[in-house]
Structure formats: structure tokens, C-alpha cells
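Listed below are the residues making up each chain.
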Amino acid sequence: MMEQLAKVWQEVLNLRGFDYGLPSDVSTHGFAIDNLILTLHYFMALLFVGWGLYLVYCLVRFRERDGHEADVAPQHFSLPKYLEIGVVIFEACLLVFFSYPVWAKLKTDFPDRESSLVVRITAEQFAWNIHYPGRDGKFGKTNIDLIDGTNPVGLDREDPNAKDDIVSINQFNVPVGKPVIVELGAKDVIHGFFLPNARVKHDAIPGMVFPLWFETKETGKFEIACAQLCGVGHYRMKGYFNVFTQEEYDNWLLEEENALKEGA
Amino acid sequence: MSHHEMPFWKKYIFSTDHKVIGLQYGITATFFLLFGFFLMILMRWQLAYPGIEIPLIGKALTDTGALTPELYNALGAMHGTIMIFLGVVPMGVGAFGNYLVPLQVGACDMAFPKLNMMSYWVYFVGGVIMMMSFLMPGGAAASGWTSYPPLSVISNNAQTVWLVAMVFLITSSLLGSVNTIVTAIQLRAKGLNFMRWPIHVWAQVTTAFLLLLAFPPLEGAAVLQLADRLFGSSFFLPSGLVVSGEKLAVAGGGNPLLWQHLFWFLAHPEVYVLILPAVGIVSEIVTTNCRKPLYGYKTMVYSILFLGFMSFVVWAHHMFMTGMGVTLSSFFQATTMIISIPSVIILTTILLTLWGASIRFTVPMLFAMAFLPMFAIGGLTGLPLGLTASDIHLHDTYYVIGHFHYVVAPGTLFALMGGVYYWYPKFSGREMNEFLGKLHFWVSFVAINFVFMPMFLMGSKGVSRRMYDQTQYSHGAATQSWNVVMSTAAFVLLLAQIPFIWNMFTAWKTGKKVQNDNPWEATTLEWAASSPPPHENFPTPVEVYRNPYTYSATTRKVLPQFIPQEG
Amino acid sequence: MAVHIPYIDKPNPVTGVTNAKLGVWLFLASEVMLFGALFSALITLRLGVSDWPHGYDVLNVPLATLNTVVLIFSSVTVVMAWASLKMHNLKQFKTYMSLTLLMSFIFLGIKAVEYGTKFSHGISPATSNFYAIYFVITGLHGLHILGGIIVNAYLLGPGSHMWKSEPERFTGRIECAGLYWHFVDLVWIFLFPILYLL
Chain C
1 MMEQLAKVWQ EVLNLRGFDY GLPSDVSTHG FAIDNLILTL HYFMALLFVG WGLYLVYCLV
61 RFRERDGHEA DVAPQHFSLP KYLEIGVVIF EACLLVFFSY PVWAKLKTDF PDRESSLVVR
121 ITAEQFAWNI HYPGRDGKFG KTNIDLIDGT NPVGLDREDP NAKDDIVSIN QFNVPVGKPV
181 IVELGAKDVI HGFFLPNARV KHDAIPGMVF PLWFETKETG KFEIACAQLC GVGHYRMKGY
241 FNVFTQEEYD NWLLEEENAL KEGA
Chain G
265 MSHHEMPFWK KYIFSTDHKV IGLQYGITAT FFLLFGFFLM ILMRWQLAYP GIEIPLIGKA
325 LTDTGALTPE LYNALGAMHG TIMIFLGVVP MGVGAFGNYL VPLQVGACDM AFPKLNMMSY
385 WVYFVGGVIM MMSFLMPGGA AASGWTSYPP LSVISNNAQT VWLVAMVFLI TSSLLGSVNT
445 IVTAIQLRAK GLNFMRWPIH VWAQVTTAFL LLLAFPPLEG AAVLQLADRL FGSSFFLPSG
505 LVVSGEKLAV AGGGNPLLWQ HLFWFLAHPE VYVLILPAVG IVSEIVTTNC RKPLYGYKTM
565 VYSILFLGFM SFVVWAHHMF MTGMGVTLSS FFQATTMIIS IPSVIILTTI LLTLWGASIR
625 FTVPMLFAMA FLPMFAIGGL TGLPLGLTAS DIHLHDTYYV IGHFHYVVAP GTLFALMGGV
685 YYWYPKFSGR EMNEFLGKLH FWVSFVAINF VFMPMFLMGS KGVSRRMYDQ TQYSHGAATQ
745 SWNVVMSTAA FVLLLAQIPF IWNMFTAWKT GKKVQNDNPW EATTLEWAAS SPPPHENFPT
805 PVEVYRNPYT YSATTRKVLP QFIPQEG
Chain B
832 MAVHIPYIDK PNPVTGVTNA KLGVWLFLAS EVMLFGALFS ALITLRLGVS DWPHGYDVLN
892 VPLATLNTVV LIFSSVTVVM AWASLKMHNL KQFKTYMSLT LLMSFIFLGI KAVEYGTKFS
952 HGISPATSNF YAIYFVITGL HGLHILGGII VNAYLLGPGS HMWKSEPERF TGRIECAGLY
1012 WHFVDLVWIF LFPILYLL
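Chains as they are written, first to last, in our numbering: chain C, 1 to 264; chain G, 265 to 831; chain B, 832 to 1029.
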């Protein structure tokens, strides 16, 4: 019901097909975020233009000039009070109908792990390591003592679950239409995992693992950006975020598996 | 022993006179503001023309003449630190608070003059230490003004210098705020009850309370980070850190978010420390130049107090992206929306004062009038950042940079500049040149909007903040042309400050002398003293007869607080 | 050129306090925030790990208990010092103030023994976050004691000349120093169970 209403509201906002300067969005939840951003900016513009017109009117009409004197009698206006109450009610509505539901959905309404793609993303200075569990759907053991240049997440290949695990650096590939659960962590400092085109952002904090989820609705090639200052290479900590068709994704997976077998 | 002839060093260097100390704060802060601005000009060159040699001075900075990413990060961290802790706060609280609060409550000096001198010198030493960090091998602190660990803990030695300097600056602020509060409460002139305080005094006292209660946690946090850096503890370092492929040899078990909580517990009230003195200054300028009473004095006072109180319970809205759950985020979103209400009321109150006024377009009034829409933009753009859902996209992008710069630069700094023009006759007995003032205003006003407005567009596109070269990303490359516009405008803005600085220093000796002690026909107590005020401000104790901002209903003439009766 | 500032010896009739007393209360409020922040850091760190040791297993509780008694006793003597001035007995004041100072030195001495034992066992802030926060909080508290010693020693020595010229103002100073001293004791009263007994 809420979602239906939000979709209708989106139609209203997008009536003339503007993108309002926001990047394209391939996620299924992004419309709710965009709706809120746009609604807020209409509200802000309304308030600002209202205040602005009033200010300019006052500056012209009440300028100091011959034959004009200030009215020093005590004044009382009721209109601002009602406007203020209006603003309060509007802000409460934004909280309750726009912001809380999106956050609650993203934080608590996780998709079923069985039917989702689960990946671990470990940020480091200055790269994104994406750890896929492989066909068995189980992550192999990792150990920080095993971390070296060729094994950025310290995967223990001895572990049976690790045999088919794929670790990709800066290439985050997902099949379109399938929910993705990301377990986000970091090795050294705080990074900011940001997919501008999927309306996903979360800090990657060492010592902690945060689960996030999203689902895509269109294919395309995009970027992963780092949002949090993480050192000298912060500006070039770029990854690639590719939303593949299921077929493209399967092919990529197969390639990686073959490469793994050859390496072994 | 002669009481009249004091040696120069005692009268102007180690003075205990609040007016001299106020001017010392003002001059030092002006220097730091210009220096911080200059750092930003270097960064803006890099942003507009990535990797290209900086004209004239580039070769003196680096081998290639272009900024390196290391230097860029250091300049970024130092720009933020200098502007906030060495520039705007000492200007708003140190200079205006020190000079005006005793005068506006009719006191002969601050309650603790020696302590006052000490706070200035502790600030000065803190500033010098902060500057020294540029000389450290490896450059100045480069972990942002927020100094988030673990990055700050594992970064170069300049971070230690940064922390030590912060401890000094915090101590200075604590001493200063005790002094301000005691002065405003204890040394009030006869008849000046609390509800007769000028808004500026209310704003300064609230600010002092924020500094007093919010700064110590940051001091504690700085001590903890120093321990991490110097004694090898792991307060902010979790177990299992691997830096550049090497395991970090620390005990671990710490929590990086602990720093963020302690930091933002200060740094959010700090935002109001930056704004409230500006609000106070603007209120004074507006009522004087409107020739009518302030609309809703009591509403304004309660809003300022409420704002101060609420600023302690919104800090975690800076941390929505750090794994915050539903309950906590709901709480902090709600408090954030609530804190917007007193801000709107304050703005509305000042706007309503204009109705029915007779507005004098003096230079200070121009700055005050520009403050209103600029502060409104800054405040309004806080809404999308205060709601978690929209914050997901906008957090840590240029949108945030645009938001807080609108609050602090064309907001607070414009108000402070207006304050300088407004009280200059009080400081010196002379007026600043009006033509230069208007030139300064109009060029700054246009330029500053071209600097900050494009940031909202870039932020909406998703361009992250603190980027040495945003063209690395496709969405950054697409908006790169804006950077050229912004950098050009920033340079124009720098040039626009030349007439201001020139005006400020030359008018001291050559400006037009004021005709009387109350040239603007204002109502508050500082205008009862002569301009400039003598050593003990008021040769005979002043008495307060009425509320501030009073005008006679019959003659429509101004009725200052210090004049016994109409006539 | 001395400025005549009102309410340095007699309280402001409206607010009922002298400038210095109000100033000290405000200063103590900020101190509460400082130690409050450190205690919340302690709680956060403790909740974040599973192997937080019990203070009574690794710290010297008998010595700390002795220190608690010493500090409480010094709180009493500092009040007695102030009360002596109220009764215009400077000699008695000096006795009680000297006792307070003696207690503070005993406290620091015991603290030094405690630290020394830890260091000789190779324990430092780098050992674990328990020791790190233990050293930071007790160290900062120790610095506060040291600050109190400097103030009290000044008031006992050269500062006491003020008794002859401005007795009321001097009594006010002792009261302010006493307030500060009580606060430092109070911090210990919180610190002792949290670090040593829990």
C-alpha cells in the first residue's frame, strides 16, 4: 500500500521526464530515496522562494526614504505561527512516510539468503576486494595471517568450502534481478562503499562487518566510489560495478572457475 | 607608581583589558581566516586543473609544481581545522564575545581579566603549534578536520602535533567560556535583568555553555588518540588490522566509532558555536538599521536556548552510514527535524522585524540581509542530510560541503564581516569607507554563490568529498567543468577581500571620525561608552532603564537602554 | 592598572555567589563532561570485547582502598581549613591545609608505587585496553591531584598574605579550592569501584 502510493508519487514527480541531476538508478529501492530527495527539494524551493519574495518586497517597500517612517508599535502576526505548524507537520510526514519506511526496509527486511547472491566486500587502501562464495554458496575460511599480494582477503584454500571461492579485485559483478547481500568490512581504515547508480552507501569500518542488501532492475556498467577519506589514494579508489544479465554473469562465473582450476 | 603610563608590551601585548584582548583575537583570527582561505585557493586550482602546475608558487611547494595527493589531503585537513578552530570561533566568540559582552552588560571588564589574557595566549600558542605541523617531515596532518581513526592513528607524526594543538585550543575555549558566562551573569549593570539582555549577549552566553560542555569530550578523545599514537594503546584500533599487507602490532580490541561519537558530541554543538554569535550580531544590526523593535524578543531568546539544548542530542546524524539501526536512527532523525524548528523561528523572527521598518542600507545591513537567504539555503539543505533515506545518496558528497559552507561562509562569515563594519566605530572611533565596503559586499556576495551553489549539483551527481582529482570517476568527469567555474569564483572572492582588509587597516588612522558615541542610533549599552571606550569602559556606572530595542511610541525616536527618560 | 571588578569578595546580591564561585562551578561542570566522556569510553570499550579483566584480579585493591581513605580524609581536612578561616583562626587553617597537602602527597606516593609495580611487570597502555584506560583515567586524575597540590600549596604559602588585606576574598579562594578538591575526590569515588571493583 505504502509502496504503491510512493510509486504514484514518483509518477507525479517524474511527469516531465527530468532526472533532476541525480545519476541513473538501477536499484529497486532507489525510487523511494529519489522521491524523498525530490519532494524535499520542492519543499525547500517553496520555502526559499516564499521567504525570498517576502524579503525583497520588504527591502523595497520599507526602504528608508523621505516621508516614510518605521512603525514602532508592537506587532503581532499569526500567519507565521500557522506556517511554522505547517512546516512541523510536513517534516513529521517526511519522517514517518518517507524516511522511516525506507530505512526500516533496508535495515530489517533482508531478502532470503538462499535466493540471493551473498558476497563479502573487504575494503583496503586503495581497492575493493569482492569475495564470492562460489557454487557451493559457502564462504571459505579466511585468516589475516594468510594475507599477501595474491591473496588479498587471506582465504585459506585448504578449506573445502574455499575451493570454489572467487576473489575479484575492484570488479563487482551481479546478475540483474537477483537480490544481493553484501557483507561489508575493511582491513585497515574506514572506507565508504558507494554505488551512486544503485543508491547504496555504507561505511566500511575495520573490526566490524555490516550486512547491506539491494536488488537491481536493469543491466549496465557503473562504478564503485569511495565516499570516506581513506588516505592518499582515496580519489582513485575506484571499482567497477557491473550489472550483468544472468547469462553474462554465468559466463563470467564459468571463466573465473576455469581460471581457478588452471591455477590450482 | 604611575597608573597612566604602561609600557607598550603591557598595554598592547600582555594586556588584561578585554577590548585589547578582543582586538588581538580579531587580528589573529583574520590572519588565520585569510591563511585558511589561501590553502583553499591552492586546492581549488588542483580541482579545476588536476595535475597542472600552480602558477607562480607551484615550484616552491612541490617538485612538479602541482599538488600531490598527500599535500592535497594535508591542505584539506588544515583548511577545515584552521577555519573552524583558529578562524571563525576565535572571531565570533573570542573577538566579538570578548569585546562586546562586557560592554553590552555594562561591566568594566571581564570577570577574570588575567584568565582572559591567558585564554588568548593559550589560543595563540595552539595556533603556532598547529602551523608548525606544516614543517613536520611528511607534511601537516592529513586525516581531515574530523581525524577519523584508524587513518589518523596510523598516519604521519603531524597528527600528534594536530592533537597537541587541539588540546591547547580546547583549553583556551574552556577558559574563555567560563569568563563570558560569569561576566554576563555577575557583572550586569543595575537594572539589566536577564530579559533585558541584548540578543547578542544571549547568543554569546548560550555559545559559551556549548563550548563549556561539548568541548571536554573532544579533549578526552584527543587524549585517547594521543595515547594510541604515543603509548601504543588501541582505544580506536580494533583487532586484526592489516595495513599495506602487514599485520599491525597492537593489542587491538578498540572501536573506531568511539572516536566518532566523542568527536561529533563536540562537533555538532560546534556548528551552533559557529552560528549563534552570527545570529546575535545579525539581530543587533537588523534592529538598529530597521529603526524599530525586534519582533518577538522572547521567542528569539527561547529559540536560542532551545537550539543550544537540542544541539547536544543530534550528533549521531553525522553517522547514519556507520551501521546505525532503526531505533537509534529514528531518534536522531527526529531530533534533527526538531532542531530545524527553532532555526526556522529565528530566521522568521528576523524577517518579520523588517515589516513596517525604515530600512537603512548601510554596509553592515547589506551583510545582514545577505546572511538571511544564505543561512536559509544552508539550513534547508540540511534537511535531506538529516533524513536517513535521502542521506544514503548525499552523505559524504559535495552536497554536504555545499550545505555547511553555506551555513558558515556566506552565513556566519558574512555576519562577522557585517559585525566588523557595524562595531568598527566603537573599536576605533572612526568609520570604515562606505564605497569600499559596498564593493567588498557585492563582489563577495556574487562570487561566493558561484563557489558553493555548484556543489549541490555535483553532490547530487554523487561526487564524493575530499577528492584530489574527481575526473577519475565518470560522474566526476561529467561535472568537472563546474570546478573551473567554482575555482574562478573562489579567486574572485579572494580578490574581493583586498578592499576589506585595506579598509579595515587604513580606516583605523584615516577613517572619518564619528560624530558622537552612538553613530548608528542603537539601543544597547555598548553605545553608552565613548568610542573607543576608555580603560574601564564606563567612567561612571551605567544604569539600564528598559528593554533593548525600544522606540518611543509618540516620537518614534530611539530610546536607548541607558537613557533615563524620553526627551 | 587594576580594574575594580565587583563581587570578587562579596557575593552578588542577585545571584548569591561571588564571581570565583560561579566560575569554579562552571569549570567543574566542564570537568564532569571530561571524565564523563572517559567513563563512557570505558563502558563502550568494555562492552566491545569479551575478555575484559576484572579490576580486582589484576589491580592492587588494598592500596587503592587505602588511597580512597586518604582522599576522603583530605576532603575533611580541606573543609576544616575553610571552617577555621570562617572562625578567623589562621593558624588552625594552616594546620589543616598542611594536613590536606600531606594527604595529597601520600596519595600520589601510593599511586607511584602502584604504577611502578605495573611497569616493572612490563605492563603499559599497550598491553591491553583495560590497562590503557586505567592509565589514562588514573593518570588524568593524578594530574588533577597535582594541580590541586599546586593551588593548595600556593594558598598555604605566599597566597595566605591575602588573609591580612582581604580576609573575605581569601576565604572565598579557599572555598573554591575546596570545591575543586571535593570534585577530584568525587572522581576517585567513581573511578575506584569502576576500575578496581567491577
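Don't take every hint at face value.
[Unchecked claim] Derived, one-sided and incomplete: chain C residues facing chain G with beta-carbon distance under 8 Å:
| hint | residue |
| --- | --- |
| 1 | Leu-22 |
| 2 | Leu-36 |
| 3 | Val-72 |
| 4 | Tyr-82 |
| 5 | Glu-84 |
| 6 | Val-102 |
| 7 | Ile-147 |
| 8 | Thr-150 |
| 9 | Lys-187 |
| 10 | Phe-194 |
| 11 | Asp-203 |
| 12 | Ile-205 |
| 13 | Lys-217 |
| 14 | Glu-223 |
| 15 | Ala-225 |
| 16 | Gly-231 |
Hints are computed from structural coordinates only; laboratory data are not their basis.
Quick reminder that beta carbons are idealized off the backbone N, C-alpha and C, glycines included.
Verification of the hints:
no.	hint	verdict
1	Leu-22	6 Å, holds
2	Leu-36	5 Å, holds
3	Val-72	4 Å, holds
4	Tyr-82	12 Å, violated
5	Glu-84	7 Å, holds
6	Val-102	4 Å, holds
7	Ile-147	5 Å, holds
8	Thr-150	11 Å, violated
9	Lys-187	5 Å, holds
10	Phe-194	7 Å, holds
11	Asp-203	5 Å, holds
12	Ile-205	6 Å, holds
13	Lys-217	17 Å, violated
14	Glu-223	6 Å, holds
15	Ala-225	5 Å, holds
16	Gly-231	6 Å, holds
In this structure, the hints that do not hold are numbers 4, 8, 13, in rising order.
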